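Chains as they are written, first to last, in this note's numbering: chain A, 1 to 891; chain B, 1001 to 1291.
It is possible that part of the hints are untrue.
Simulated crosslink set (DSBU-like; lysine-lysine; CA at most 30 Å straight-line) [claimed, not checked]:
#1 B:Lys1027 x B:Lys1071
#2 B:Lys1102 x B:Lys1158
#3 B:Lys1102 x A:Lys119
#4 B:Lys1102 x B:Lys1278
#5 A:Lys376 x A:Lys418
#6 A:Lys420 x A:Lys119
#7 B:Lys1158 x B:Lys1071
#8 B:Lys1282 x A:Lys142
#9 B:Lys1217 x B:Lys1158
#10 A:Lys418 x B:Lys1180
#11 A:Lys688 x A:Lys803
#12 B:Lys1010 x B:Lys1282
#13 B:Lys1217 x B:Lys1180
#14 B:Lys1102 x A:Lys376
#15 B:Lys1071 x B:Lys1010
#16 A:Lys291 x A:Lys376
#17 B:Lys1071 x A:Lys420
#18 A:Lys291 x B:Lys1282
#19 A:Lys803 x A:Lys833
#20 B:Lys1102 x A:Lys391
#21 B:Lys1102 x B:Lys1084
#22 B:Lys1102 x A:Lys418
#23 A:Lys291 x A:Lys142
#24 A:Lys391 x A:Lys418
The set of hints was computed from the structure by calculation and includes no laboratory data.
This structure is a prediction, so every number in the text was calculated from the model and none was measured.
Listed below are the residues making up each chain.
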Amino acid sequence: MLQPTLNLAPDLHAHYNELCDANGQTRPHWQGLIETLQHEEPAHMRKRIDAVLRQVRDNGVTYNVYADTDGLQRPWGLDVLPFILPHDEWQNIASALAQRATLLNAILNDIYGEQLTIKSGTLPAALVHGHAGFLRPCHGIKHINQIALHHYAVDIARAPSGQWWVLSDRTQAPTGAGYALENRTIIASAFPELFRDLKIQRLSRFFSIMRDNLAHWGRQCAAKQTESDASIMPLSSGEQPLIVILTPGPYNETYHEQSYLAGYLGFPLVQGSDLTVRNGVAWLKTISGLKPVHVILRRLDDDFCDPLELNSHSLLGVAGLTEVTRQGHVLVTNALGSNILQSGALLGFLPALCRQLLGEELSMPSVATWWCGETKALQTVITNIRELVIKPAFPHIFQHPIFGEDLNEAEIAALILKLKTHPQDYIAQESVKISQAPVLNQTSTNREHIDQRRHEETTQHILENKPEDALKSFELSSLAVGLRVYACATTNGYSVMPGGLARVASGQDERVISMQRGGTSKDTWITSPYLPNQLSLLRHTTSSRDLVRGNTYLSSRMVENLYWFGRYNVRNYHISRLLRTAIHFFMEFSAEHRAIEWPAVHKLCIWYGFMPLLDDDENIDTTDKDQNNHDDLSSEDIEDLLIKAVFSHTSNSLASNIEQFFQLAFNLRERLSSDNWRIINQMSQHFKQASLQPSLADCLLQLDDTNASLVTITGFTLDGMTRDQGWRFMSIGRRIERLQFLCALIQHALMMPAESHLEWLLQLNDSIVTYRARYSAQPEWLPMLDLMLMDENNPNSMMFQLKDLLKYLVEISATYNGGGNEGRIIVCLESLKALDPDIAFNNGSQLLASWLQETYQASVEISEQLSLRFFSYSGMHNNSTSYAANNNGVY
Amino acid sequence: MRYTVFHETKYLYNTNVTLSQQMLHMKPRNFALQQCEWYGLTISPNPNEHIERTDYFGNHSNYVAVFSPHKTLTVTSSSTVNLKPRQTISELQHSQSWETVKHLLNTQQAQHMEAIAYLFTSTNVTCRPELAAYAAPSFYANRPLIDAVYDLTQRVFKEFEFDDTATDVSTPLDEVLEGKRGVCQDFAHLMIGCLRSLGLACRYVSGYILTLPPKGKPRLIGADASHAWISVYCPIYGWIDFDPTNNCLVQNQHITVGWGRDFSDVSPMHGMVLGGGKQRLKVSVTVTPIL
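Make the full structure from the sequences, and use the hints.
The following block contains the structure:
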């Protein structure tokens, strides 16, 4: 049984203890949880923990760390135990934070409007004019309902006295609300009875309020668009405005959260290049044309949103977006320029600003903060520097917090000099002793155990098989906890999410709470005296009228990624099989007695770029002419080239093709199931974990592994993905890639001597099983070519590719009024049918070779035309997506 | 003095540009010392969108967008400008000491609101101790502000070499200070950096200077393109302009287009194009006095 109170003797001098009062008694709102834990069967607790671990992994909850060299993503840290607050206490917190959001919004309106707070001296001018986030082009922009701050997040923590303090405000593009939602989904299902009995307040209502209000404002933008341009149709009744989430892209640290929220709220997730500005309106480029956008929920820093008027170095934004907001034709949330409030220097001035702007006292104090730009404050800071934390005053200054208590005399002197030289750039804060809450953590032995394992599955395995060990290895401890709370603007004041993201300090330095630095998180439970609203977001708002049976807003970029996802999936499948065949041929024959089939295999390897061109090759690249004759590569050369073809990171290797595929999949995250994604992720990880000097045997193992993964991925794709237009483009990609492979394969095979063994061809084309079922003898040219070319029941045959391709292209043409260019394929199909097998299906057949050449060419052209028409849609005929900035200097 | 200004900017592209969005700061603004009597802006191809507005600093800005495919974009900006006489150096002898000005800016922000915007680090100008150190010999104790700034103007002119191959629009200030060479924009940024690093308010002025010199006088540097200089805030005289490229206090040969914290606020033309391939730029400026 767990004995939580034992390890949690309250330290009265330093921290507030969330769990126990001064007498060591469990506080009432924690009692339900503690009783559950105390009466818990060990095996049952084990199951809860496993369920949480598994869900974090299965949902693919990750946090990207830019500096992380091990790979892009880190699994999200989530503690099993929730952080609990009672309803009445929460009411006070929520109303204080709603007041704070109202205040910050008023400050934003003032800074970008009359600037009375600066003129009156309440707000030092340096905090505005010296802040890189003061975007002058945004000055004077009018906001609907005077709201510039639509989403607000605030980090709060509890002082030793029990009082809550604000540590910092997030006004730019607050992150974490999606993680809070995901934490809730996972933890609520780990403690379903408790969640019900404690009557925990639901989060879904917050998101539905946010969505409804954004939609309400979106309708106003739609009306303005129609007003200024009659060719833009007004929204019909029941038609939802187009709300998009603008993401910086998959490399952003919270990309996972963005795609999760996009899915949950039903908003398309778009990148800057998916949008374009025309005639004062922001448009989404979809494969069915340009669609007017009404609301942009941005997760991009505001100055990056518009390279034309804001940061000209931004490649992520939408040129001209500022002007669209100026005209009121789109709502950007938060308003461009809201980053200005993200400054710790502001904290000390908020009480006075609150009195000036709202005529009220500020309800929740901020942690004591001094802005060194004030002479008096600087003196105070220098006198007390050992007790303070020094931080940058503005987000554009990069500097980790410096704790005065950590420094020696010389370091203190250097710090003081720095403060005196640039006083305006620094703030000092009281070093806060924040409250501690119980965390269920693994003991060190168990943790080491887990660290030895590379894959989470292995961990899973151990945990499931040894419950008695697992019991011993978990215990409670106390760690510092801060709370990030979220509010959204409504037409009627701010609404605060009942809950939030509780963030737990990492063990090493509890003074710093940061997900970047390896902290973990908790679900936050607010108890309720009322029965919670049982409706989930989707059930709450969707009626049959709103049902959507197709992706209305399929962006061109998404479709392009799907197309290439299909191609790379198949390409990698063929490459891995070809390399396996090549290695087998190489190992089975000596250098003196290469098989007569080897030249064909060799040439296929050249075709894929694994081996250098031959001198007698008619397609020889002139730049290679001075090189030696590669006709007789030594065995060592070949071995080296084959290993490189699998593992090296040059442009043609399997490893780099898998990486390409991974990147495409990463960009399609919101469309892939978590299982599918996990396989792709593992496949790519295996290449990164490969040994430094792999052997041919390593290659074979890797190829088998990769091949199996690719087959599984194909299975997911065929079974699990929605058959919408995007899926059609992916299928076209798959067919075109296989068709091109077949053309190359058969063309090279035809050059083999008549007496060649043909099994390897059937193996490579994955048709050997079918062949053996039909013909018992050794493979011969005619039946083999018939199976590989004409047999439409063979999914790897040419006929199958052509017919399938034709079907999808016809569908594309029907949907988008042309663009499929299926005519080329009809010609190829007819001429294939017209070939006389007795004449054409033989080795050395010129007739067949030229048909293959033509068909290959047709597929290349179809690919180019699809790309022109659908992938770079800009409303005009253009084939370039490269943006170039111009900026002429003066002399 | 009255002048006509003709300013043509031509972009030549290798391949078709299918979308061009440009931001212009070309129309001379009106203020106490200057009246723009006539202005004409012609753009070829004809833009599909054209929005004129006044920016945060009070300058005219024009947003233009061209959707029709083109390989050449020509922007012609013409104006007739009337300049009022400015104070001469002998009329500016009674400025407060630079320390006093610094103190006023620091303590009486409400009275000097229009100067406050120009006190801090901006996109192209980062305040640094090195810049303050460079300026220090001109700013000895209790020296009158105008006197000190004029001295700094002369030092920049003497110690830096005009070299239009040494820098481009993105060259950082450190490099200019190090290499001691650059163009008018670099010298303006350098002076702004020096003055702001000392705690003074200084702005960047974009404009033109007389193309053909009066008889017997040498042609001014930077006359065949847009020009740039600086303006320093002096509480009793207001904003006073100095041109470090031409070693002078601005009098009646400088036509102001606009001002901002640095080049990035008032660059004559910047924008984005879709397509185009390689681009070439041709700029020509002619300023003619109307007699």
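Structure-based check of all given hints:
no. : hint                  : in the structure
1   : B:Lys1027 x B:Lys1071 : holds, 25 Å
2   : B:Lys1102 x B:Lys1158 : holds, 26 Å
3   : B:Lys1102 x A:Lys119  : holds, 19 Å
4   : B:Lys1102 x B:Lys1278 : violated, 47 Å
5   : A:Lys376 x A:Lys418   : holds, 17 Å
6   : A:Lys420 x A:Lys119   : holds, 26 Å
7   : B:Lys1158 x B:Lys1071 : violated, 42 Å
8   : B:Lys1282 x A:Lys142  : violated, 38 Å
9   : B:Lys1217 x B:Lys1158 : holds, 19 Å
10  : A:Lys418 x B:Lys1180  : holds, 28 Å
11  : A:Lys688 x A:Lys803   : violated, 38 Å
12  : B:Lys1010 x B:Lys1282 : holds, 5 Å
13  : B:Lys1217 x B:Lys1180 : holds, 26 Å
14  : B:Lys1102 x A:Lys376  : holds, 18 Å
15  : B:Lys1071 x B:Lys1010 : holds, 10 Å
16  : A:Lys291 x A:Lys376   : violated, 55 Å
17  : B:Lys1071 x A:Lys420  : violated, 54 Å
18  : A:Lys291 x B:Lys1282  : violated, 37 Å
19  : A:Lys803 x A:Lys833   : holds, 12 Å
20  : B:Lys1102 x A:Lys391  : holds, 26 Å
21  : B:Lys1102 x B:Lys1084 : holds, 29 Å
22  : B:Lys1102 x A:Lys418  : holds, 20 Å
23  : A:Lys291 x A:Lys142   : holds, 24 Å
24  : A:Lys391 x A:Lys418   : holds, 12 Å
When the structure is compared with the earlier hints, violations turn up for hints 4, 7, 8, 11, 16, 17 and 18 and for no others.
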